[in-house]
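A.B. asks: Using the hints, put the two chains back together into the complex; each one sits in its own frame.
Here the protein sequences come in this chain order: A and B. Residue numbers for the first sequence follow this note's numbering, beginning at 557 and rising by one. Residue numbers for the second sequence follow this note's numbering, beginning at 258 and rising by one.
These are calculated hints, taken from the structure and not from any lab test. Heads up, the beta-carbon is just placed ideally off N, CA and C, and yes, glycines get one too. Please note: incorrect hints may appear among the correct ones.
[To be verified] If you want the footprint, here are the derived chain B segments under chain A, 3+ residues with CB under 8 Å:
no. : stretch
1   : 568-575
2   : 579-593
3   : 654-662
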Amino acid sequence: MQPLIQVRGLCKDYPLMDGRSIPVLRDIDLSVMPSDFVAIMGPSGSGKSTFMNILGCLDTATAGDYTLAGRSVATLNHNEQAALRNHLIGFVFQGFNLLQRVSAMDNVALPLLYAGVSRAERRQRALELLRQIGLGEYGAALPNQLSGGQQQRVAIARALINRPPLLLADEPTGNLDTQTSQDIMNIFTQLNREHGITILLVTHELDIARYAQRLVRFLDGRIIHDGEIPA
Amino acid sequence: MRWLAIPAEAWRAIGLNRLRAGLTMLGMVIGVGAVVLMLAVGQGAQATVNQSIASMGSNLFIILSGASSAGGVRIGSGTTPTLTTGDAQALAALPSLNHVAPVTSNNTQLAYGPNNWNTVVFGTTQEYLTVRVWNLESGRPLNASDMRGASRVALLGQTVARNLFGAEDPLGKIVRIKNSPFLVIGLLEVKGQSLDGRDQDDTVIVPVTTAQTKLFGSPFPGAVRFIMAQARSATQMEDAEADITQLLRTRHRIPADMENDFSVRNLSALAETAATSARVLSFMLGAIASVSLLVGGIGIMNIMLVSVTERTREIGIRMAIGARRRDILLQFLLEAVMICTIGGLAGVLLGMGAAWLVSELAAMVVVVSGQAITLAFLFAAGIGVFFGYYPAYKGAVMRPVEALRHE
Numbered sequence: 557m558q559p560l561i562q563v564r565g566l567c568k569d570y571p572l573m574d575g576r577s578i579p580v581l582r583d584i585d586l587s588v589m590p591s592d593f594v595a596i597m598g599p600s601g602s603g604k605s606t607f608m609n610i611l612g613c614l615d616t617a618t619a620g621d622y623t624l625a626g627r628s629v630a631t632l633n634h635n636e637q638a639a640l641r642n643h644l645i646g647f648v649f650q651g652f653n654l655l656q657r658v659s660a661m662d663n664v665a666l667p668l669l670y671a672g673v674s675r676a677e678r679r680q681r682a683l684e685l686l687r688q689i690g691l692g693e694y695g696a697a698l699p700n701q702l703s704g705g706q707q708q709r710v711a712i713a714r715a716l717i718n719r720p721p722l723l724l725a726d727e728p729t730g731n732l733d734t735q736t737s738q739d740i741m742n743i744f745t746q747l748n749r750e751h752g753i754t755i756l757l758v759t760h761e762l763d764i765a766r767y768a769q770r771l772v773r774f775l776d777g778r779i780i781h782d783g784e785i786p787a
Numbered sequence: 258m259r260w261l262a263i264p265a266e267a268w269r270a271i272g273l274n275r276l277r278a279g280l281t282m283l284g285m286v287i288g289v290g291a292v293v294l295m296l297a298v299g300q301g302a303q304a305t306v307n308q309s310i311a312s313m314g315s316n317l318f319i320i321l322s323g324a325s326s327a328g329g330v331r332i333g334s335g336t337t338p339t340l341t342t343g344d345a346q347a348l349a350a351l352p353s354l355n356h357v358a359p360v361t362s363n364n365t366q367l368a369y370g371p372n373n374w375n376t377v378v379f380g381t382t383q384e385y386l387t388v389r390v391w392n393l394e395s396g397r398p399l400n401a402s403d404m405r406g407a408s409r410v411a412l413l414g415q416t417v418a419r420n421l422f423g424a425e426d427p428l429g430k431i432v433r434i435k436n437s438p439f440l441v442i443g444l445l446e447v448k449g450q451s452l453d454g455r456d457q458d459d460t461v462i463v464p465v466t467t468a469q470t471k472l473f474g475s476p477f478p479g480a481v482r483f484i485m486a487q488a489r490s491a492t493q494m495e496d497a498e499a500d501i502t503q504l505l506r507t508r509h510r511i512p513a514d515m516e517n518d519f520s521v522r523n524l525s526a527l528a529e530t531a532a533t534s535a536r537v538l539s540f541m542l543g544a545i546a547s548v549s550l551l552v553g554g555i556g557i558m559n560i561m562l563v564s565v566t567e568r569t570r571e572i573g574i575r576m577a578i579g580a581r582r583r584d585i586l587l588q589f590l591l592e593a594v595m596i597c598t599i600g601g602l603a604g605v606l607l608g609m610g611a612a613w614l615v616s617e618l619a620a621m622v623v624v625v626s627g628q629a630i631t632l633a634f635l636f637a638a639g640i641g642v643f644f645g646y647y648p649a650y651k652g653a654v655m656r657p658v659e660a661l662r663h664e
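Same shape as in the complex, but just chain B (with noise of 0.2 Å):
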């Protein structure tokens, strides 16, 4: 009964200072709604960073032809076309190493009826796709025949479809590209943007064989602009790394005090990063909310603080009656509490509201987790309990007579 009776005279009370109840709500209510709603928006950007990780693939090297120089002045990676196919069939045999595709790609005109479109066309095998984890929307994937034979097919990304054949469906259909006819076996899924904002639906994918012989030739036969190779797992990246170098270094027959012709880059650590940065920013919206709601607390305090003082002599008649401490501290700490969680459900709306509001008119990606709310409400509640703690004490151990004589 009495466990009832006391949250019933907290409750009481409030009722009784209303506007002061509800202003000193409104601390809680914006410190838990900034909270709610800088957690949406920084996990939305952590949502969107890992989504653009688990578009590019896990656990890839990037290996990059070597950097040419022309009378001391060294012009840049991928500039000698020091890498081959062969190199990535030897590659492939590494155990370190999952998949390994070789890519060559170029920037080329396509066109279909009275349409055209400029976009990049990879030279490739399927094994490219594996390794990107990018699947088919429809058709069929590149085969070993259609290297081999250096078939002229093509996969076509989302982008690429829409601008050149609109609603038509693209399989079966003969695009030119760079004036060459080329059978449509498949159309790829959507990808959406790269984490450095490029449309990766905007391509082209021709067999490697194609790409070299039929589409840009070179005067290096067999040479490829790059090598995607992906390890078997996370914890066998710096041992890929070691294999991959060794194996080029000896197949390209660079002497010990050379320099590589080659760069090895480590993908992986790009998206590490970039999750990383996206972690850092959500945790740091995460803690200038909690500031707002800290400040929020500190006003429940300086208010319980006030009402207890205020009420010094109530406190003072229900002792004389037979209240013990505990009753006195309980009711005071769950007016806080009352306080902070009324105000902590009406802050998780506001949060709520603000962060559809975002999404809509900002366009940005937030992501309302329950944990977020979960969160803001149990800290909003431990608010209540940690800052109304001390007024309820001070209240409790006051001797009766003297709280009695209080004016």
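Pulled out of the complex, with its shape left as it was, chain A reads as follows (with noise of 0.2 Å):
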């Protein structure tokens, strides 16, 4: 079977305003097979959430190669890339990233927009994906009239409205109280169980990571760990 994430020799260089430039991926290899569910902790400034913000074409590495799906990243021009966030991947953040002044409806439905898909199928898609996460009464509402668990499953619905096969999720539950994430770790995991989607999880706390299958663990850009999670 071949992986959906393969990374090799990937290095990620921030260039500083006197010309040097400091690395902050050095040489990563990894690899991520379809349906795997990987955690991936580090210290601050280890370099974890850029790895993630390459792994989610976000962001592009100074060298080394990305392929996703089978298409080597590096080569893929802008459009290209941006069809690529569009179709494989999902992204969950931090701070939920949902457009303020839109409502909830709307804001999953945006992926579809950018798909091409017609009003009335990403109303209709965006409203049944919202009442299989329980918030169908929610459609017209607004993000700040929603709690932090509530924001946090609307922006996932977001992320799987284009049936991504992948999901990349920085720190998701960093904002949330430890009832409200264990309730959305539920969620990734029936994701990753039911439908088979394969999940990159970016966390600091060991109890969430308990949830996937297998750690990374980065340090001063580098991969230290890789593997078992410790008991």
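C.D. replies: Structure representation (structure tokens):
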């Protein structure tokens, strides 16, 4: 079986004003199979968020290869990368990143707009998905009328609406309380087990990481552990 | 689908910022309104001038008799009666000229019943009316037998007819000109004001022979005040002027070292000047109004730049879920274009309303042409594209990761 994500020798440098640059990622190798559930941990500044952004085609690597679903991302142009983000990747952020003055339903439906789906179908699919995550009555609500947990569920619905095979979650429970965090993690687990969606999840907390099947630890831009989750 | 959805997104964004969009629009409303109004006023002025020029006739020369001098004091053109009806007949034979009319004129008192009126009586031929493009409203023109017999017949201008006859039909009535009875054989059409503002309808036309022998009298038989001549075409104006000068110098037996005892004036040049100044006026008014349109456009750019900066995070989110650069570009560009076109439409209405007010209150001729409206509207949309493009481009080329990090 072909890996969904194949990373080889990936490096990322941030240029400084004086012409030098600081390396944020050094020579990363990683391979993720379809339906994997991977937790990524590491202290702040260890490069895990940068790594997620590169995986999500939001940022580009300085060197190395990144192959997503058989396509080498570095060779793709802006439009092709946008299409990858639209069709293959669902992104869930710590700060939810919902459009503030747009209803929950329209937020969920937004990726379909850029996929060229008709307005009627967009609304229908968004409502359907909101119902599945238990927010059926909140379609017309604005994000600031929803609780943190509800907002994150709307964000998850938005990430899933285009049925991507890959879900990237950057500290999705960082702003949530323990109970809500558990609810969100249960949704992730369910998506992974029942729908076979590949999930990469950045977290600070080992308790959250335990929902995954595999743990990758970052330190100073390198992977220092890749495998079992310690008990 | 995408092509319909993105305008909808742009429209929604405008709806979310109604006050700001409305104020930005106001700049365009005023700019486009000013352009429409100023073009209407300028074109009105042009139309007025053009009408005056058309009423004067085209490719015209006026040949005035020369200046007299008494003891070294020169008195002015037309003071020496050197031109005659004979000169006019000779000029008429020139191939470069179409029509030639001798004209003599004087201010004279007219009377009909209890009414009397003072006006300019022109003694001339039917050709005078031909070159002036002046038709009869009723009656018959002057003919050759009127000329030969020096008949006491007259054509009345509208102002004269109104003052002497009121509502009565003057045709076939007898008016007294300088106490001589004249039969009214025709009524001239309304001509309106001349370029210098004279009422051209305040006039009476009689045969030139009658004026010379029976009305004004003169110690110089056959003398006329001026001769009006029309060249065959605009391109023959120079040739015609040379022909006229040469012929008259020969007829008047002027030696080569002496000055002309007449002067030839080109009326088309005068008309050209008037038309040019009206065009310049129109252009200047348009240019001034365009400045306000430009200011409105800069307002659009300003607001769109603020909007793009303010919505950087939104741009990042849209990119993260699959918006392409051109989707972002199109959305912001369309916002600017929508604001401009709506403002432009409102501005066209405002400008038309203002033009109507000006014509009503200031009694000015204004011409609101479809061309001017289309121009102003397209200009407004163009400003939307031009001033909206840079902010939209700025938004579109942002890197998703940086846009998302924006607070």
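A.B. asks: Against each hint, give a clear statement of whether it holds in the structure.
C.D. replies: Hints, verified against the model:
For the stretch 568-575 of chain B, the proposed coverage by chain A is satisfied: 5 residues have a C-beta within less than 8 Å of a C-beta in that chain, meeting the threshold of three. Coverage of the stretch 579-593 of chain B by chain A holds. Counting CB-CB distances below 8 Å, 6 residues qualify, and the rule asks for three or more. A stretch counts as covered by a chain when three or more of its residues have a beta carbon under 8 Å from one of that chain; for the stretch 654-662 of chain B and chain A the count is 4, and the coverage holds.
Figure legend: structure checked against the earlier numbered hints; every hint is met.
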